[in-house]
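Got chain A; can you put chain B on it based on the hints?
Protein chains: 2
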Amino acid sequence: MRNIKMTVAYDGSDFSGWQIQPGKPTIQGALADIARKLTQEKVFIQGAGRTDAGVHALGQTINFKTNSALLPLEFQRAFNALLPASIRVLGAEEVERDFHARWSALAKTYRYRIARERIISPFEWRYVLHYPYPLDEDAMLQAARLFEGQHDFASFAASTGSGEEDADRTTLREVYSAELVRQGGELIFTVRGKSFLRYMVRKMAGTLLEVGRGKLSPPFIRELYELKDRSRSGPTVPPQGLCLVSVEYPAAWWKVPAASAAAGEPPVKLR
Amino acid sequence: MRNIKMTVAYDGSDFSGWQIQPGKPTIQGALADIARKLTQEKVFIQGAGRTDAGVHALGQTINFKTNSALLPLEFQRAFNALLPASIRVLGAEEVERDFHARWSALAKTYRYRIARERIISPFEWRYVLHYPYPLDEDAMLQAARLFEGQHDFASFAASTGSGEEDADRTTLREVYSAELVRQGGELIFTVRGKSFLRYMVRKMAGTLLEVGRGKLSPPFIRELYELKDRSRSGPTVPPQGLCLVSVEYPAAWWKVPAASAAAGEPPVKLR
Numbered sequence: 001m002r003n004i005k006m007t008v009a010y011d012g013s014d015f016s017g018w019q020i021q022p023g024k025p026t027i028q029g030a031l032a033d034i035a036r037k038l039t040q041e042k043v044f045i046q047g048a049g050r051t052d053a054g055v056h057a058l059g060q061t062i063n064f065k066t067n068s069a070l071l072p073l074e075f076q077r078a079f080n081a082l083l084p085a086s087i088r089v090l091g092a093e094e095v096e097r098d099f100h101a102r103w104s105a106l107a108k109t110y111r112y113r114i115a116r117e118r119i120i121s122p123f124e125w126r127y128v129l130h131y132p133y134p135l136d137e138d139a140m141l142q143a144a145r146l147f148e149g150q151h152d153f154a155s156f157a158a159s160t161g162s163g164e165e166d167a168d169r170t171t172l173r174e175v176y177s178a179e180l181v182r183q184g185g186e187l188i189f190t191v192r193g194k195s196f197l198r199y200m201v202r203k204m205a206g207t208l209l210e211v212g213r214g215k216l217s218p219p220f221i222r223e224l225y226e227l228k229d230r231s232r233s234g235p236t237v238p239p240q241g242l243c244l245v246s247v248e249y250p251a252a253w254w255k256v257p258a259a260s261a262a263a264g265e266p267p268v269k270l271r
Numbered sequence: 001m002r003n004i005k006m007t008v009a010y011d012g013s014d015f016s017g018w019q020i021q022p023g024k025p026t027i028q029g030a031l032a033d034i035a036r037k038l039t040q041e042k043v044f045i046q047g048a049g050r051t052d053a054g055v056h057a058l059g060q061t062i063n064f065k066t067n068s069a070l071l072p073l074e075f076q077r078a079f080n081a082l083l084p085a086s087i088r089v090l091g092a093e094e095v096e097r098d099f100h101a102r103w104s105a106l107a108k109t110y111r112y113r114i115a116r117e118r119i120i121s122p123f124e125w126r127y128v129l130h131y132p133y134p135l136d137e138d139a140m141l142q143a144a145r146l147f148e149g150q151h152d153f154a155s156f157a158a159s160t161g162s163g164e165e166d167a168d169r170t171t172l173r174e175v176y177s178a179e180l181v182r183q184g185g186e187l188i189f190t191v192r193g194k195s196f197l198r199y200m201v202r203k204m205a206g207t208l209l210e211v212g213r214g215k216l217s218p219p220f221i222r223e224l225y226e227l228k229d230r231s232r233s234g235p236t237v238p239p240q241g242l243c244l245v246s247v248e249y250p251a252a253w254w255k256v257p258a259a260s261a262a263a264g265e266p267p268v269k270l271r
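Quick note, the sequences are listed as chains A and B, same order. Just so it is clear: in the first sequence, position 176 is 176 by the numbering used here, and no numbers are missing. Just so it is clear: in the second sequence, position 157 is 157 by the numbering used here, and no numbers are missing.
Watch out, some of these pointers could steer you wrong.
[What the hints assert, rightly or not] Take a look, some chain A residues computed to stay more than 12 angstroms from chain B by CB distance:
1) 107
2) 195
3) 225
[Said to hold, decoys possible] Short, incomplete list of chain B residues facing chain A, as computed with Cβ under 8 angstroms:
4) 7
5) 10
6) 14
7) 80
8) 82
9) 85
10) 87
11) 90
12) 116
13) 122
14) 125
Don't read these hints as lab results, they were simulated from the structure. From a predicted model like this one, the values you see are computed outputs, not experimental measurements. Ideal placement from N, C-alpha and C gives every residue a C-beta, glycine not left out.
The following block holds chain A by itself, in its conformation from the complex (with noise of 0.2 angstroms):
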């Protein structure tokens, strides 16, 4: 069997979030249907990480295994043909069989925008946390560097359900870099790890800004990984201000020859 990866951006306002949920429009499921469709196989869709309702992407990746001859721009066209304008494919191309769109992501970079305008243009309340109130800062940048490193986030899990990341019980993560910028009339909250708990993203946001109302200080974010109790670290804030941005791979190894990615193809003796 063939492996398919793409690279795929959406707008998760009108879907029920990432993961198939019959009768819902959901991002894995329209990508599903036109997969079958296409093949006539039954195809599973692997993505990088499971995105909630609201939620939207501008570097999801995904992969799925199938015996069909279609090239990868092929696949890319007919997918952007038939799916919805909100979810488009941005890139396709074949891998080896052992890629899988979760398992061998090294990194995913999530951002959160909070937009501190006092009026905010209509075209963009579906991408933002409009949140106009004074807030300090400098403490929230002073907080947001506390995130970086190998921590305990069970302060900052989901109440229930299994997290993003569910074949692990354990709530230990890696934060590589965790970045606030003020750009233009927006605070922009970036975040790169392995993986993260299931709403960590949005835990993280909302603490960092009772930390800017002054609820909270920057140094309790190091206490919140010894407390282990979600009840005391921020609210999980709105699903409409964060975005899945990129995931990163091993570099260009994955990719299979361009010879053998003519399938079907036999072999032609050269004389």
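Positioned in the frame of chain A, the structure of chain B alone reads:
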């Protein structure tokens, strides 16, 4: 009665257009509901332009008459607190009694966006026409210039309905400027004029596309003014690419001086 003028922006995606229609979500209806709540009066919201379903606005302008003592800034804040996030009041001021959002307007500017990239962002499809096929942009530019000036735009009128300005039956209109520019991956058509017939800007954009595809030649625009036949011009392109950018009015003399804005206060004799 006091006369309140407001500048309003909206994402028209989720509305059945500007004009109140029973049982349907409209911009005028949403604004009128809130004005009535705030004033306890039967307020009529006058708009500068009646945008169709799916059309957006960055600078729609409205006015309404009221006996309420609320200051313009109080009106603005109350509207923004009660309106859906897809409609925002960007500014409010008290104006002279005879100011009329539609009849006082000197000029309106509309913009139509055509996305030329092969794949468009899932965050942009609500705001552009996606046209990734070949176009002769030089011919379109030539044709766009021929829209400028006073012409009979009967070939660019709606087949039914009375047109945006229905008080007169003439199809004679003056276009102050018509520009086509390339900006990033987009072609942007911007027209400024005193008033427009219903669908006129979308028919103009549709005609430019026919010129770009080589189906019509630029000088044919002039013939269309003579033909007065809407079946000979291009199609009415979809609404989502269209935006009412701004409405211009005579300068500051419309504004009521701050002193008289302190409504209800009796004059105080200076000692």
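Exercise. With 8 angstroms as the cut and Cβ atoms as the points, is residue 82/B at the interface with chain A?
Worked result: violated (14 angstroms)
Problem set entry | Hint status (Cβ of residue 116/B to nearest Cβ of chain A, threshold 8 angstroms) | violated (15 angstroms)
Exercise. Just checking, residue 107/A versus chain B, shortest CB gap more than 12 angstroms?
Worked result: holds (23 angstroms)
Problem set entry | Restraint check, 8 angstroms cut-off on beta carbons, for residue 87/B near chain A | holds (6 angstroms)
Problem set entry | Agreement of hint residue 85/B with chain A interface, Cβ distance less than 8 angstroms | holds (4 angstroms)
Exercise. Would residue 225/A pass as off the interface with chain B, using Cβ distances and a cut of 12 angstroms?
Worked result: holds (35 angstroms)
Problem set entry | No chain B beta carbon within 12 angstroms of residue 195/A's | Residue 195/A clear of chain B: closest Cβ-Cβ about 24 angstroms, beyond 12 angstroms.
For this session: Let me know if the C-beta of residue 7/B comes in closer than 8 angstroms to any C-beta of chain A, holds or violated.
Result: Since chain A brings no Cβ nearer than about 11 angstroms to residue 7/B, farther than 8 angstroms, the hint is violated.
For this session: Answer holds if the nearest beta-carbon of chain A is closer than 8 angstroms to that of residue 90/B; otherwise answer violated.
Result: This interface hint holds because 7 angstroms falls under the 8 angstroms limit.
Exercise. Holds or violated: residue 10/B as interface residue toward chain A, Cβ cutoff 8 angstroms?
Worked result: For residue 10/B, the interface hint holds, since the closest Cβ of chain A sits about 5 angstroms away, which is under 8 angstroms.
For this session: Under 8 angstroms, Cβ to Cβ, is where residue 14/B needs to be relative to chain A, so tell me if that hint holds or is violated.
Result: violated (10 angstroms)
For this session: Let me know if the C-beta of residue 80/B comes in closer than 8 angstroms to any C-beta of chain A, holds or violated.
Result: holds (6 angstroms)
Checked against the numbered hints given earlier, this structure breaks hints 4, 6, 8, 12; the rest are met.
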